[in-house]
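Heads up: the sequence shown begins at 1 in our numbering, then just goes up one per residue.
Hints were generated in silico from the structure; no laboratory data involved. Cβ coordinates follow ideal geometry from the N, Cα and C atoms, glycine included. A couple of the hints might just be wrong.
To be verified - EDC-like, lysine to aspartate or glutamate: derived pairs with alpha carbons at most 20 Å apart:
1. Lys72 - Glu49
2. Lys340 - Glu311
3. Lys37 - Asp92
4. Lys295 - Asp332
5. Lys250 - Asp274
6. Lys53 - Glu317
7. Lys162 - Glu192
8. Lys22 - Glu103
9. Lys301 - Glu311
10. Lys305 - Glu321
11. Lys41 - Glu16
12. Lys256 - Asp332
13. Lys41 - Asp11
14. Lys184 - Glu172
Unchecked claim - FRET-style restraints, in silico, Cβ to Cβ:
15. Gln316 - Lys41: 15 to 25 Å
16. Pro109 - Ile73: 18 to 28 Å
17. Leu28 - Val269: 45 to 55 Å
18. Ala329 - Tyr99: 52 to 62 Å
19. Glu60 - Asp349: 36 to 46 Å
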Amino acid sequence: MHRILLQSFHDVVNQEILRNMKPSEIFLTSMTSKKTKKLIKRNIYKVDEVGVKISRPIYEIRAVVYIKIGRKICYVVGLDFTEHQLLNQFVDWRVNNSYQFLENIVVIPSITANDWNWPATRRQIHSIHSYVCDVFNIDASNLSVMFPSGTHPECFDIGTVKKCTMTDAYLENASTIELFDQQKNMNLLVVESSREILDTGSKDYYRHIPTVIQRNAKSGANLLLTRFQGQHGLLENCFLNGFYVNVLMKMWSENKIDNLVSMIAYQSVNRPFDYEKVVQVLEDRMGNSEGNFLKALRVEKLSEKRIYPYESIITQEHQFEAGTFDCDAGYDVVRNSDGKHATIKISKDYFMFFVWP
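Starting from the given sequences, assemble the full structure and let the hints guide the process.
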């Protein structure tokens, strides 16, 4: 029988109560007193992320603070900012008592006007985000933001956004370019697929972000393969072309993309991938062909079983299939200049490039 120490029994009860409360209810309860907030902080369940989702209905902006547990998102509290209000100073959201308790979320009506005073609006958003982070024991400096319907860089202070999620429909508009320019500390960009029929074009304003996930890369995957300046990439629904894959290998062999640690690209099921061109280059180089353009590499076929030690925050956003990081069936490439090893896995369905530590 599992025994519970008497002095910890109250904590067990409190933890069970909190598990059965909605995050919005926990938020409201935490505001009743400092003692209650302290009790919640001691017994609250583990949360992986606290972020802000920005949407823009007609004539207003809504900033919703959410928590994320694994891949599940739960809304906590929302702030509404209406354009026609003439307030031009910061008023603490805590003084507003006209909360609306909707299904699974608390909504606080606007107490400052966004178009008249953006600094005050940003302070409101950062303030309530920091409060929710404190309640759920999350570092408020790791700010995550979501833009499901348009990008709004004016909602956040410069250099504060660490993770950004948006749809591909807004990847190349002026506001998004402004966001990338302002948020140089962003370390993760997640580009979700929209329902619109579009291609990602030829822009690569996000190539400097350390980790990029693009759910609907299409032909834009080829651009990112050759221009990516970050460390980890995951590209889905790609229109891969063997020419660009070969260019990536050549650039890495010549130390031109030395930040790259891993690149995983999954081909679209409706698009053929001429991966044989890449395999032919690797096989020729393995035979020491003098005419091969990968002269800066040695290519070997792995014989022993090896598992690549994949360490990327992408694992928090994507469930990889078993065997993804098994490297015994790949090609081992060695850079002549410094002896750096990488493994290449390729088939009609994917291209993977792993640089070994």
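Comparing the hints with the structure gives:
1. About 10 Å separates the Cα atoms of Lys72 and Glu49, which keeps this hinted pair within 20 Å; it holds.
2. The hinted pair formed by Lys340 and Glu311 meets the criterion: a straight-line CA distance of about 18 Å does not exceed 20 Å.
3. Among the hinted pairs, Lys37 with Asp92 is consistent with the structure: their alpha-carbon atoms are about 18 Å apart, no more than 20 Å.
4. For a cut-off of 20 Å, the pair hint linking Lys295 to Asp332 stands: about 15 Å separates their Cα positions.
5. Proposed proximity of Lys250 and Asp274 is supported: the alpha carbons are some 18 Å apart, at most 20 Å.
6. For the given pair, Lys53 sits about 17 Å from Glu317 by alpha-carbon distance, which is consistent with the 20 Å threshold.
7. A threshold of 20 Å between alpha carbons decides the hint, and for Lys162 with Glu192 the separation of about 17 Å falls inside it, so the pair holds.
8. About 10 Å separates the Cα atoms of Lys22 and Glu103, which keeps this hinted pair within 20 Å; it holds.
9. Simply put, Lys301 and Glu311 have alpha-carbon atoms about 24 Å apart, too far for the 20 Å limit, and the pair is violated.
10. Proposed proximity of Lys305 and Glu321 is supported: the alpha carbons are some 18 Å apart, at most 20 Å.
11. A C-alpha spacing of about 14 Å is found between Lys41 and Glu16, which places the hinted pair at or below 20 Å, so the restraint holds.
12. Straight-line distance between C-alpha atoms of Lys256 and Asp332 comes to about 19 Å, which keeps the hinted pair within the 20 Å bound.
13. The straight-line distance between the Cα atoms of Lys41 and Asp11 is roughly 11 Å, inside the 20 Å bound, and the hint therefore holds.
14. Distance hint between Lys184 and Glu172 is fulfilled; the C-alpha atoms sit about 17 Å from each other, no more than 20 Å.
15. For the pair Gln316 and Lys41, the supplied restraint of 15 to 25 Å holds, since their beta-carbon distance comes to about 23 Å.
16. Distance hint check for Pro109 and Ile73: the Cβ-Cβ separation is about 23 Å, which falls inside the suggested range of 18 to 28 Å.
17. Checking the proposed 45 to 55 Å range against Leu28 and Val269 shows it holds: the Cβ atoms sit about 47 Å from each other.
18. Our hint of 52 to 62 Å for Ala329 and Tyr99 holds, since their Cβ atoms are close to 57 Å apart.
19. Range check, Glu60 to Asp349: about 45 Å between beta-carbon atoms, so the 36 to 46 Å window is met.
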